[in-house]
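Chemist: The chain contents come next:
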Amino acid sequence: MTSPTKAEGPGPSVALDPELAATTEIAVPKKLEGRSPGQLMWQRFKRDRTGMISAGVVIFFFVVSALAPVISKLYGKDPYTLYAQEPEYPFLLDDFAMPSGAFGGVSGDFWFGVQPQLGRDVFTMLLYGIRNSLFMAMVLTLLCVVTGVLIGLVGGYFGGKVDYWLGRVTDFFLSFPNQLFFIAFMPIVTAMFVSPTDETPTYLRVVAIILVMWFLGWMPMARLVRGSVVSLREREFIEAAKVSGASRWRIVRKEILPNVVTPILVQATYTLPSNILTIAFLSFVGVGLVEPTPDWGRMFRIGAEIYEQNPSFLLFSGGALVIFILAFNLLGDSVRDAFDPKTGR
Amino acid sequence: MTTLTKVEDAPNPTGSDAFLSVRDLRVQFSTEDGVVKAVDGLSFDVERGKTLGVVGESGSGKSVTNLTILGLHSPKTTTVEGEIVLDGKELITASEKEMEKLRGNKAAMIFQDPLTALSPYYTVGRQLSEPFMKHTGASKKEAKARAIEMLDKVGIPQPQTRFHDYPHQFSGGMRQRAMIAMALMCDPDLLIADEPTTALDVTVQAQILDLLRDLQQEFGSAIIFITHDLGVISHMADDLLVMYAGRAVERGSTREVLRTPQHPYTWGLLSSMPRLGGDLNEALTPIPGSPPSLLNPPSGCPFHPRCTFTGEVAGNRCADERPSLAEGRAAACHLSGEQKQTIFIDQIQPRLR
Amino acid sequence: MLQFLIRRSISAVAIMFLIAAFTFFLFYAVPQDFAALSCGKNCSPENLAVIRENLGLDKPITTQFWDFMVGIVAGRDFAVGHCSAPCLGVSFKSGDFVWDSLMDRFPLTLSLTIGGLVIFLLFGLGTGMLAAWKRGTVVDKLASGASIVLSSFQIYLLGPIVLGIFVYSTGWMENPKYVPFTDDPSAWFIGLLIPWAVMATIFTAQYTRMSRSTMIEQLQEEHVRTARAKGMSQKYVFFRYAWRGAMIPIVTILGLDLSSLLAGGVVTEFTFDLAGIGRLAVESSLTKDLPLTMGAMLFGAFFILILNILVDIAYAFIDPRVRLS
Amino acid sequence: MKPIRSRSVRAIAAIAVAGSLALTGCSSDSGNESKDRAKTQDDAASQQKPVQYADAAASNGPAAEVAGAKSGGTINVYVQSDLSHMDPGQIYVSDAGQFANLVHRGLTNFQEDKNGNLKVVGDVATDSGQPSDGGKTWTYKLKKGVKDEDGNVITSKDVRHTIERQYSKVIFDGPTYVQTWLSGADYRKDLPDGPYKGKHLPDTVLETPDDETVVFHFNQPRPDLPQALAMAGYAIVPEKQDTKEKYDKAPAALGPYKVSEYKAGKSLKLVKNTQWDAKTDSVRHQYVDGYNFTTTIDQASQTKRLIADQGEAKNAIQWTDAVDTAQIQDVVSNAAVNKRTVKGYQPYVWQMSFNLDKIKDKKIRDAITYAIPAQAMVQADGGRYGGEIAGGLFAPTLPGFDAKYDPYGKLKKPNGDLEKAKELIKEAGVKEGTKLTYAYSNSPRGQAQQVIIKDALAKIGFDVQAKEIDRATFYEQIGKLKNPYDLYMTGWGQDWPSQSTVVTPVYDGTQIADGSPNYSHINDPQVNKLIEEALKLEPAEAAAKWEQAHKRIVEEINPAAPVYYSKTIQLFGSNIGGAKYSVESSYIDINNVFLKQP
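Residue numbers (numbering that gives the first Met the number 0), protein chains in the order written: chain A, 0 to 344; chain B, 0 to 352; chain C, 0 to 324; chain D, 0 to 597.
If you are wondering where the hints come from, they were derived from the structure by calculation, not from laboratory data. Small disclaimer: the values here were computed from a predicted structure and weren't measured. Errors might be hidden in some of the hints.
Below, a list of computed lysine-lysine pairs in the PhoX-like style, where the Cα atoms sit at most 25 Å apart [claimed, not checked]:
{"hint": "1", "chain 1": "C", "residue 1": "K133", "chain 2": "B", "residue 2": "K96"}
{"hint": "2", "chain 1": "D", "residue 1": "K156", "chain 2": "D", "residue 2": "K135"}
{"hint": "3", "chain 1": "D", "residue 1": "K268", "chain 2": "C", "residue 2": "K176"}
Rough simulated footprint, nothing fancy, chain B against chain C, three-plus residues with beta-carbon under 8 Å [to be verified]:
{"hint": "4", "stretch": "48-56"}
{"hint": "5", "stretch": "224-238"}
Note that CB positions come from ideal geometry on N, CA and C, so glycine has one too.
Bound conformation, chain A alone:
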């Protein structure tokens, strides 16, 4: 599925693997010719058509959501206005509060149709919904990666008591049934820092969501990093650095970190989409962002409920999700392949 070049001829690839040979025997000289692993990876990645395409899709999503305000300005609509209430669109919704236009009211004015009941513009809703989800997911992923890497490094490198206790803490957090945890504590955490009268600002909700998910999100990364650090710790070049009297911190920074970058990156490419799904799941259960903030998850909850009456809604919101996740999975595979081609997925 990943790269066309790798898929030729039948038969299981037992025994000597060309890529293996290729890298162990070829990559070395190449390095001497002054090509860094990074460049090498880029080389391979460029050649991976699927990878490039999915990268394109992912980037497209990011760009679009980044430019959401601009787009909605050009497009002349926003996700908040109840167009059904506006005099210039008298017959947007029918007596049943469903879009009167065909296929969910898709039209030149409303590219993706209008939302049942409230009559908002689906296109911009989706735009901003994706924007919000992506933003949250990215911050969250960043936090998880940083925390995970820190804890993993410390535990893995210093070992001993530190490692032991960090391990126990990790176990503790891993033992929470996370779905239930999120649902149970999202409202509580939100409630913790809001005034009784004023509306809970959206950013607070976002913070709450990120906090709660962060709380149970960093462990896999920590485990991963710790694992690879422990294996690195015994390697000669670390020993060498030790002997040469480099400070611990320096060793961690200069010797170890660079060597665990690959797994971290790969892991991260898988964490982001799963975070997006979890965030969506929260809105789905009803503890995510609330109206009127546009939200991806809430959109395809509605979509799933009314898809028989109004398939377009699910098609656009759910479809966008599937495409995005798919692209991201493919991208993740390609990135990993590019980093170490011998794991030929």
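Guided by the hints, dock chains B, C and D onto chain A, whose structure is given.
Modeler: Then chains B, C and D, alone, in the frame of chain A:
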């Protein structure tokens, strides 16, 4: 590379009482990075009871060649041309079934790193017995007896108990011995040792080498001994094959090659190797430049970009024309015999003393 | 082994205690009146007081927590009767014993899990290994392609669509419903078929991807090459040497998935209107039904911990290098 | 995941015993809808007769047979969450009320004729009750041969027990009319432990001269008593059977069906109660062998299943849930499916309650009232079949309902009158961007309507702070006297078809207290006085006074902007017979249903 059809120096392919004879072998991988010409027009013979040493930098196609002999390359991405005749049997065209019968039986292989080369999931005993049972149809008991015998032969203490141990319970040296024992289970006629000692410390290395030699005496099997360590080879091999960029650049008896090497690359190898009793203050002289990418090997003589003597050759044949390797004692170089002589005596030898 | 078990179970108990404490006190972190939840149309202060007393909310929080903990080991007495250990208290909402309602829901969750498990293990691993074996062929491309697309789907997207097709529009199948296996095996099977299928589809896809890639990784291991060099057949090498190593990552993921499924496949249960643990848990936490939420939380944690132990044991069986310590 | 509807949300849906209102006739919603809609209200207006108190003759069983009724078979019931209660004393909301119709029996009950006219008849009692002393004293005689599910004969002691246990801590969720009428607002003090410690109410309050007679003594006329006693909340709990808290899980049946299996949050099974004797019951039937409740099916899939009408769904009915708003179109636009619906008004009026302690200026209240786009609010709740724009605060289900009454022109300007609103705001001198805190229940509908309100009020220059409240505790939160919110959407439904059960709890200043439904904290002497007078009168005379109070409240005080009257539309399977809208319960008439092919 199939354009270059001129089979160089193909001497009576049928003839020669060689037990294994490889002719004009070409191995190519298509990788993500393009087509790799791992082995390019290689020919050599090995006779029963003799040891052929193969030396060269990493990436010179030593290992690939030998994996190809046993057909362990992955068929879907590798194209193999030329011929490999083992005991009168053509192997490249042989079916998977036939190859299976042959592997570990007629021809066995000892791998470089015994830690990764032995399965961590099964006892050493089982891993030894398996091939024996398969090839000889022996019963479990017989196989066990045989395995213990072999473990004993390669000098593993209390073989009966060790039989039940897992590789990770063995020391590095013992693992390598186990590997050898495994290779010898069905007394193969051809034994391919791929840098069997590089992973070991010097004393163990010596033991292993002796072991191999003794065993060879006993079974009279032919050995292909791959290494990049000329020191080791001088003890082991009868004949020597120097490989560079997937080609043989020099061939001859070990003595000849080491005493009077004829190829600039060999000179480089020799002078880049420290020797006992050498002057410590004297710096070693490494070969300038780096091995070529096999994705797009240099034109003409693959060594010319790193060769210091291209000036000596009229015109730039080195860059244009690919030097051929004659039968017997020979080197693939455009320098004339005298040139080689003089250069070696005047410039190289001093460095080696 | 035994010692390992003992030590692990002790730490498991400790962790569960911590989780209980954590949950309990975080619920009280924000001032909220649980009595209000069971208070209906005429929610006068008097009535609230009555409810508080009935639920034992008038006692100090620490005492309540202590009672709860004691109840788990020793059992407790409530207005509605004696609740024998392990007593997870009485639901604020329904007034039932939490343990009973959990046990009442568990069979469904278990059925869902097991059914799905069987399907996605069979198909997932099967297809994955087939793809690895036939790597690069059409079969492989199809399998990998389908699996990566399907694994990007979600139950709450796929579920309604499947229902719409097979139940509402065509009427080929009844709505999913749970009939205890002991009552009527065939009805049990028919009733859960759709949820199994939908759930398994997505899991199958994921396991196909995983098993394929791990198999391929394993096939590139040097010791696998050695085995071939010994003259062992491709099949033998594939199923003995490569498969053994591939099991480790698979077992790991399987452990995680199983524990979360047993803690309640929330999405599945809601998509198909089934009353399992997951639904119970979500409803309870949304309605701030503290005892029930605690119960569900501990229940989930229990499975996570147990499966961790089982997975570690599995490792020891698969890989002799692993020692249980 | 679908929203989980908590009982407290449902709690506002009172057991509606509506003034007669024959919507059942006009289930053919084809053709011109608006005309059709108007028609229904005319019917409503034309047919309002006061509830009659029936004599012994009418109270004798058996009940009139339903045409074509067969017996046998089991009806499947789809509900999206558990019944709130099964202990009658705790029952105050419609889902449990429907249940009570099948399982419990009170002293009196409502009898509904095919036109939806209501009579109060004796149920366990021989008649609707004999008033004396100007309505201050009411005497009830018990029928012979009324038994509980274990065959114990019901005596006056059981009736007394039923009333007295409501004083104890066991009961905290049910109606409090009769207790307060007997012993005043803090009635619990008179009998703290209820009857359980052997104490009883003095004979001057509740008297049981012999086993067949119960006498209620009040300190003022209580003309509504027969209707109050018809509430499920006052159904009989036999002394021998009372298990206190446990009773809520396993009540003893007097009615035609009894509980055979109950699994919280999952299922409930009812089977025939063999001890029930048709001859003693003039209302109920025992056609089907039982009812199987599935309490996990949300409205969306209830609707989907019933539309599809496959297999077991053929024998299924909706209980108190309605057709999923998103699918109403599919239902009514498909004649075949539409045949299988019951439609009708719900007894409650959705209103935007103002917190009078915070919004003191009537001009502002009026402005907001004008600004609210009622149409949009209705659409957020299912469009025309979910509700109907409201002109006043009296539901169409109340006697004296006037469809034309529209002081704020909501009917004329369904999307609000922003100009008028803006003027008033100017007059009131409110400056742009004044903060208003709008509390809403955090349910999908709540969220949707919140968006609309924000949008509308922003247009007249308010900075609306929309504050979501956990839907489980919404009414408790806004019920607090000191709640920090300015406005909130509330709905209240009558307990029986008398304005007294609306005006008194919701707009009577004397009732203001924490947790009382007077959410706006209106306390207008004039209104209070009218209420006091009206309560003493027979329903017929009272009507005028109630109307007076209504006008005073809506026009001169405006404590709550009328938004919409809620309506319901329910589906049932194709094998269900005798299904009709019950005016009494305002849902499908559970007393008449049977299976066409058992």
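Chemist: Confirm or reject each hint.
Modeler: Do the hints match the structure? See the list:
1. C:K133 / B:K96: Holds: K133 of chain C and K96 of chain B sit about 18 Å apart, inside 25 Å.
2. D:K156 / D:K135: holds, 21 Å
3. D:K268 / C:K176: Given pair K268 of chain D, K176 of chain C holds - Cα atoms ~16 Å apart, limit 25 Å.
4. 48-56: violated (count 0)
5. 224-238: It holds, with 10 qualifying residues against the three required.
Going through the hint list in order, the structure does not satisfy hint 4, though it satisfies all others.
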